[in-house]
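These are the residues of each chain, in order.
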Amino acid sequence: MTKPEYEWTWKEIPVGNVILEPGNASQYRTGDWKTLKPVLNKELCIHCGLCSIFCPDMAYNLDSEGYFIADLFYCKGCGICAKECPTGAITMVVEEEEK
Amino acid sequence: MEVSIAAAEAVKQANVDVISAYPITPQTHIVEHLSELVANGEMDSEFFCVESEHSALSVCVGSEATGARSFTCTSAQGLALMSEITYIASALRLPIVMILANRTLSAPLSIWNDHSDVMSIRDCGWIQFFTENGQEVYDHVFISYRLAEDKEVLLPVIVNMDGFTLSHMIEPFEMIEQEKIDQFLPVYQPLYRLHPDHPITMGAFALPSIFTETKKAQEVAIWSSMPKILETWKAFGDMTGRYYQPIETYKAEDAETLLVIMGSFAETASEAVDRMREEGRSVGLVKIRLWRPFPFQEFKRATLPAKRMVVIDRAISIGGPGGPVASEVKSALYGSDNRPAIYNFVAGISGRDVAPQDYIKMVDKAEIEIEEGNREGYEIYGVRE
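Sequence order for the protein chains is W and X. If you use this note's numbering, the first sequence corresponds to residues 1 to 99, in order. If you use this note's numbering, the second sequence corresponds to residues 1001 to 1385, in order.
Just so you know, the hints here were simulated from the structure itself, not pulled from any lab data. Mixed in with the good hints there might be a few duds.
Claimed, not checked - Okay, derived cross-link-like pairs now, PhoX-like style, lysine-lysine, Cα gap no bigger than 20 Å in a straight line:
#1 X:K1228 x X:K1151
#2 X:K1300 x W:K11
#3 X:K1251 x X:K1361
#4 X:K1215 x W:K11
#5 X:K1228 x X:K1251
#6 W:K11 x X:K1361
To be verified - Pair ranges (Cβ atoms, derived):
#7 W:H47 x X:E1084: 48 to 56 Å
#8 X:L1191 x W:I46: 34 to 42 Å
#9 X:T1201 x W:V94: 29 to 37 Å
#10 X:T1214 x W:V94: 29 to 37 Å
#11 W:V94 x X:F1211: 56 to 64 Å
#12 X:G1203 x W:V93: 35 to 43 Å
#13 W:L72 x X:S1209: 13 to 21 Å
#14 W:D57 x X:G1203: 19 to 27 Å
#15 X:G1203 x W:P4: 15 to 23 Å
#16 X:P1199 x W:Y67: 46 to 54 Å
#17 X:F1211 x W:D57: 21 to 29 Å
#18 X:S1083 x W:I46: 53 to 61 Å
#19 X:S1336 x W:F73: 50 to 58 Å
Where is the CB? At the ideal position from N, CA and C, for every residue including glycine.
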């Protein structure tokens, strides 16, 4: 889609609300749901990837430096990564306050 | 021929691909006859014997989504069980046609006729016709499919026929030749359909950020169907000589008092109008054929010259302002100057007879009440005190 659905006018909605492009669930910003976001302390990180394995939303991606970073567009802030991290490198921070 | 049999024959002539229904009185004869036609090989359709009305309409949603012309019919409790799916069919813009043999919603348990069933899903987004006799039911099967499947409409349609007073009546019919039907009702060409070669998603969820826009689009769709409804009736009239209108009148042009009615009771009421006219009384009849989308302009045009209106409802809006038709009519006229006084009777619920003399009594009562200054009266007619 050329623009996100929250910008569509009623005239742009396909007849019967059909979805003509498969796979557009990736446009759904589940990151809107969270109140806490994960923050990584890179000094403690051992690159084990358990955060990525346990993440129920597959929101973690490997960056070019070899760190697993949560994509906040999808991360719902459940905190499982912080709970599972063996070195305590991930802390959950209130999103609004952190700003 | 019995009206139900004629309705089933119309479904056959309309080349319906999928029939899915669950038997319920007084709709039963329609599906029974259709199942015979399919079983005997006289009709090339899939007949789904489902376990409930919820499933009956769900099957139609699925089959229409693949591009198959689909039909269902039901009554009362069956419609109530279907009601969840009625909203889905219209929002998905699936041109299903349903005949509703109108029957009272329980309780107390009753199999007889009134309009309480359809009023329970009044706002479900289907185009809704009311019919006065069997010929109109037969005709409206073809009209409904052609209209529903029009790419500029794509909405499901309910053809309301009164249970028993129509469904079980034997009437002479003017059947239409198959070649004419085939010309009037071409093969269905869906705009979107489920097909493995072209995957699309139907029936996905919508966030609050877009749901409002989907409903606006749906409402615009049903209002935009109005010219198509008129066009389809015109084309049908040109083929058969039977022309239909959203609002039809009988001896109403110069009438000071108008009876307003939907469905088969209008024929009895026209008899009452004749008798009152013979006595020199200025009474006419207004029949609402198109209930959704409600033809506000046509209704105003037909009724505004009158001084009084006697609106007969076949359902009660319990705890509300009277019957649903009167409620609608009052909304339609609220902004007009010199609007007539409206007296509302709920009559003939659960199949209780309303004879011509009853309409005369209702007009008498309304005229007296209005004369005494009661310009918005409402009562249940004929109830024993």
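Tested hints:
no. : hint                        : result
1   : X:K1228 x X:K1151           : 10 Å, holds
2   : X:K1300 x W:K11             : 30 Å, violated
3   : X:K1251 x X:K1361           : 19 Å, holds
4   : X:K1215 x W:K11             : 11 Å, holds
5   : X:K1228 x X:K1251           : 27 Å, violated
6   : W:K11 x X:K1361             : 51 Å, violated
7   : W:H47 x X:E1084: 48 to 56 Å : 51 Å, holds
8   : X:L1191 x W:I46: 34 to 42 Å : 56 Å, violated
9   : X:T1201 x W:V94: 29 to 37 Å : 36 Å, holds
10  : X:T1214 x W:V94: 29 to 37 Å : 34 Å, holds
11  : W:V94 x X:F1211: 56 to 64 Å : 29 Å, violated
12  : X:G1203 x W:V93: 35 to 43 Å : 38 Å, holds
13  : W:L72 x X:S1209: 13 to 21 Å : 19 Å, holds
14  : W:D57 x X:G1203: 19 to 27 Å : 24 Å, holds
15  : X:G1203 x W:P4: 15 to 23 Å  : 21 Å, holds
16  : X:P1199 x W:Y67: 46 to 54 Å : 37 Å, violated
17  : X:F1211 x W:D57: 21 to 29 Å : 23 Å, holds
18  : X:S1083 x W:I46: 53 to 61 Å : 58 Å, holds
19  : X:S1336 x W:F73: 50 to 58 Å : 54 Å, holds
Hints 2, 5, 6, 8, 11 and 16, counting from the list given before, are not met by this structure.
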